[in-house]
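Residue numbers (the numbering used here), protein chains in the order written: chain A, 93 to 450; chain B, 93 to 450; chain C, 93 to 450; chain D, 93 to 450.
Calculated directly from the structure, the hints in this document are not laboratory data. Among the clues, some could well be false.
For identical chains, the list gives no copy identity; a pair is met inside one copy or between any two copies.
As the list claims (entries may be wrong) - Subject to a maximum C-alpha distance of 25 Å in a straight line, what follows is the list of computed PhoX-like cross-link-like pairs (lysine-lysine):
| no. | residue 1 | residue 2 |
| --- | --- | --- |
| 1 | 205 | 303 |
| 2 | 288 | 398 |
| 3 | 191 | 205 |
| 4 | 288 | 278 |
| 5 | 443 | 235 |
| 6 | 398 | 443 |
Read off the chains here:
There are 4 protein chains.
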Amino acid sequence: MAGNSFGEIFRITTFGESHGTGIGVVIDGCPPGIMVTSDDFDHEMSRRRPGTGAFDTPRKEEDDVEILSGLFEGRSTGAPIALFIKNKDARAKSYDYMKDLFRPGHGDYTYYKKYGHYDYRGAGRYSARETAARVAAGVIAGKIISRADMVVTAYTIEIGGVGIKTKDLSVIMDNPLCCPDMQMYKEMQNALAAAKKNNDSLGGIIEVVAKGCPPGLGEPVFDKLSADLAKAVMSIGAVKGIEIGAGFNAARLKGSENNDPVIPGGFASNNAGGILAGISNGDDIILRAAVKPIPSIGMDQATIDKKGNPISVRAEGRFDVTAIPRVIPVIEAMVRITLADHYLRSVITEKYRELMDH
Amino acid sequence: MAGNSFGEIFRITTFGESHGTGIGVVIDGCPPGIMVTSDDFDHEMSRRRPGTGAFDTPRKEEDDVEILSGLFEGRSTGAPIALFIKNKDARAKSYDYMKDLFRPGHGDYTYYKKYGHYDYRGAGRYSARETAARVAAGVIAGKIISRADMVVTAYTIEIGGVGIKTKDLSVIMDNPLCCPDMQMYKEMQNALAAAKKNNDSLGGIIEVVAKGCPPGLGEPVFDKLSADLAKAVMSIGAVKGIEIGAGFNAARLKGSENNDPVIPGGFASNNAGGILAGISNGDDIILRAAVKPIPSIGMDQATIDKKGNPISVRAEGRFDVTAIPRVIPVIEAMVRITLADHYLRSVITEKYRELMDH
Amino acid sequence: MAGNSFGEIFRITTFGESHGTGIGVVIDGCPPGIMVTSDDFDHEMSRRRPGTGAFDTPRKEEDDVEILSGLFEGRSTGAPIALFIKNKDARAKSYDYMKDLFRPGHGDYTYYKKYGHYDYRGAGRYSARETAARVAAGVIAGKIISRADMVVTAYTIEIGGVGIKTKDLSVIMDNPLCCPDMQMYKEMQNALAAAKKNNDSLGGIIEVVAKGCPPGLGEPVFDKLSADLAKAVMSIGAVKGIEIGAGFNAARLKGSENNDPVIPGGFASNNAGGILAGISNGDDIILRAAVKPIPSIGMDQATIDKKGNPISVRAEGRFDVTAIPRVIPVIEAMVRITLADHYLRSVITEKYRELMDH
Amino acid sequence: MAGNSFGEIFRITTFGESHGTGIGVVIDGCPPGIMVTSDDFDHEMSRRRPGTGAFDTPRKEEDDVEILSGLFEGRSTGAPIALFIKNKDARAKSYDYMKDLFRPGHGDYTYYKKYGHYDYRGAGRYSARETAARVAAGVIAGKIISRADMVVTAYTIEIGGVGIKTKDLSVIMDNPLCCPDMQMYKEMQNALAAAKKNNDSLGGIIEVVAKGCPPGLGEPVFDKLSADLAKAVMSIGAVKGIEIGAGFNAARLKGSENNDPVIPGGFASNNAGGILAGISNGDDIILRAAVKPIPSIGMDQATIDKKGNPISVRAEGRFDVTAIPRVIPVIEAMVRITLADHYLRSVITEKYRELMDH
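Only chain A is shown next, with the shape it has when bound in the complex:
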């Protein structure tokens, strides 16, 4: 009810805030028998960490995931898996300047209106730090879907208006932006450098492809796979749009163009983005998310203080030029979690079919 849970069968509940003790997640509904160690989380956690991009302000934020429950002899038991990540680098002082005003583009204003207060120390519960718990849960989700040979990959296709021209997924780990076009990656870096020089920030577009999804994931009506993916991705603070397959471009195609012809073994095209009538069709699932530029920028911006008086604010301390590299692992995590949930939900339908034949 209070919105801290996601998923039906594979259900995560996150807790914790920036500048508190730490961030955590309880995963309920994880199948037993899955091998998990603390080290499994390191790679994904380091990808989500801020300050790893070439133009990011470096800071040390070691995100060791502590496993509080749910394992026996190194494997999941079916009991809830609780994961916890201690906060380490909590320099609250950097935030003093914004104690009594609303930073433009942040949740300060809306939280103040909703709750009568807000956490000026880096946003508290609505800090991007909360996504660390999602990335940790996404590692477990990834183990589940990989059993069914599903692989989720996200990458940057546009930053600050600079888009890719070719798509070679084999190079995305060769550059910090996870860009599949090394040529345009350089252009993106130029755009970021220019933005940094101007104390400004950039957004971009992330594409996600999920390969190996079996047909049949997703429920009719409200819990369509597409609907749950939309919610999952839109629940990331920086995301302002999502599209599946041809997406907004589908609105410009004719029916004869947009329909994917069915051929033996699958489809001749993939405008559907792998989802037909809300249910996976066995083709690659493809979605794109629009990420807004980071609102904290090093130039003066007009805002008001808590009393309603106009005032100017300029971000101090550390901030990145773009959120894209950090959002990529979070989007991957949310897509994995959504697929794991629907994969496990599809179990019930499958069993129903067996019962029916019985």
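Dock chains B, C and D against chain A, hints included.
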């Protein structure tokens, strides 16, 4: 779990299929004291009916909403409100041609893969007819949010690539496409006429504005207002993309451009689309949905039959050139339902604040 | 949230009130392929009907179950099954005498306190009539569990303090009280006759046995099978107590007496009532429910009116001497629904085990 | 779905196992502004600890509650409160004797059947240790209901068949059994001494009274306050029965005896146990729970090993003679949690009434 419910506090569960007895919805969590009569549904139900556009195949589908429960002396009591709409125009014969094949762009293939069967009589549960129940529930939701002076309006801003150039909401009821630009409405009609001549179909983009939303709607983390709106709108079969405020364009703006300056009483711009950090900020909520072209078209399309053999199919019987006019009231309904749910959820936070001050 | 739903996977939502249009239920999560016809409901519905006991006030309340959705060619499809039972015998006049006062032992007082009003026409939503929808849903649940060879039987073991001395389940359909001891049945009838003569009413104890339950039904911690059965049975208005297996008597046994020795193939005794640590152990599930006497009696009782003034009330119109015969099919229905839900939930665990071995 | 959560608005999710890192709980939906410190938990946690009774095997199990999230400047913020209790006294060796067999009366058998394995180290997830998390959550729930002047007290009314004859709640903290009759307390101690001498164990009956509950808590139909209390209490492993108010005795009363006459300001008697038609009536809520004797006893008991061979088992290491003193704070916690949840749910109905009058 089976995906037929939506909402937490204001919770709807739809049932029924095309070509069955009818379509219905149970609304649980409706406040008592709301005046409701059968006539209240007529206007919205008639808007959703197919065959009302200039280029639509006319057919009679009177959607009278029967109130099965939840009222006493004309007012809601707080008990579940069940609404039922009988199916009347069930000419199943038109669907015989597609009994053993998968129509491109429809759910036939995915339902067959998921369930081992599918309802060839106009799609059954995954028919657009299911949305009649949503529109009926949306009428009740509309009554709730109108108490808080919220007004939701959807309109067409693009069809077949033809977009509006001006936006005058006062004219949207003067044309069947709900287009706010009478000049471009004519262009859209031309595009539809051309598509109809070619036995093809068109999609488009619908924009929704919700005026009068108080700040504070939406929960942190997963149940952000933006996330729930995304799910609500993406759960409509024809929708392939959704964006809020500047949306995909926000990805191309700089932080200094995209941030909405806070001014006394609100914001100087609305790139946020009325939602900051997932919570309404008091400004207009603005979202856009990409609607794909109707997959049923009157020309030959490649597909396979159930045995996997290539075959050609051409839609017979009635079909529209575009779904846009029918999708508009459904989107409005889903946005109203989402707002009603979050408005009632905000009650709890408000009460918590009173308890706190107590 | 508003409390009109029960179950997680096999989820029912009831709607409707006495003296409204009718009573209904939506069943979400029913497996496809189950044969259902309207006639399937007749037997159970007639058992729940008032006025069928020897000492009951006869009234005609034909409860025909109309199937509104969820079937195709006579079988469930996996879509929600909506069932509706029209109200026929709505003689609202009988209730005029109680319009402005609170009947002792009824919900009038608490509903008035909660909602500021109550439905004086036979209780509205809190009428026992609501249970008709549960019985209808229980018929579908019964079809599911019977596939797994589970059989649920309820019977009377005590009325007005008169308890059974032998237990022969083969005779329970031979008497209207479903008493498994024909000798004591006569005593019970005598007790009922005496109560009727005094314009009074009697309660009793119903025992339920569920045979054929596989081990493994129930979840750890909160959704123990025992906990969900307790909720299911306690959600019936007239029930004031529930015990499983040895129940309250277990509190008087020593550990060495109460423990059921494990033997090859099962257990040497069944004090556990078929449930160990909240999970079915393969033995018969046995529970007992205490049913209070019907509060409507034909003698003067002290109460107050809405203004708080003392007043006397005496039930007019129809009322039964005991609710026992009507509660029996309702308890059976709730136990079947709970078992169906947990049976379908166990599917997930089973599938998890297959995944683990995979 | 996996059964580790309880409550709708005030929702707890427990995690952790005996002999793992620890036990914890996430509380979602806690109102902001509540003062909480680690010390607040000490009293209740110490009551739940084993080995505190006169006849208990002493062992050190300091249950310090660590607050992982949800507080800012000492008060709840509305974000999830995560609490964690480290396991300290994990002498796994004591459990070796039972590694390959099923202890009678424990969950070993059912867990093995359900999951294909079980945690022989003190039961893992189904250990009574899990209730430590409930008691911690109950402390927060207690703070919420105390704002509305609700007070929950549990006490022993029967042990091993020895029942109280008087009821003086002022003495329950003067004896380790929380018995309100000091005279019969001594008899209970004698019974426990005799059982201990025989290496046997005893059960008993716990009564709970909740004073100060406002009328109107509870939802109609399935989420009756009585139904949710039944589930809450039955979800405690050792409980085999629950009754409310007159409970099983109500089944033996006549309607004229059982009905509580309504008088100005309340009721002349309380056979209803404070709940009418599932909703609190403003009177004391009274319930009783039957607690079975502890299954681990120091005498030989017949069972089978995993291969199905008959074998004898005798509990080794530490075990108590009765669970009663430890179950009392757990029952109190579950009742407080249920009341807090329904109290916060009643907020919505209240607000609805304001909206209606508006």
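For residue 398 vs residue 443, is the C-alpha pair at or below 25 Å within one copy, between two copies, both, or neither?
between (56 Å within a copy, 22 Å between copies)
As a check of your reading, is residue 288 near residue 278 (CA-CA no more than 25 Å) within one copy, between copies, both or neither?
within (15 Å within a copy, 46 Å between copies)
Given identical chains, is residue 191 near residue 205, meaning Cα to Cα at most 25 Å, within a copy, between copies, both, or neither?
Only inside one copy: residue 191 and residue 205 sit 15 Å apart there, 45 Å across copies, limit 25 Å.
State whether the alpha carbon distance between residue 205 and residue 303 is at most 25 Å within one copy, between copies, both, or neither.
between (42 Å within a copy, 18 Å between copies)
With identical chains treated as interchangeable, where does the CA-CA distance between residue 443 and residue 235 reach 25 Å or less: within a copy, between copies, both, or neither?
Both. Shortest intra-copy (22 Å) and inter-copy (16 Å) distances satisfy the 25 Å Cα cut-off.
If the cutoff is 25 Å on CA atoms, where do residue 288 and residue 398 land: within, between, both or neither? Let me know, please.
Intra 30 Å, inter 57 Å, cutoff 25 Å: neither.
In this structure, the one hint that does not hold is number 2.
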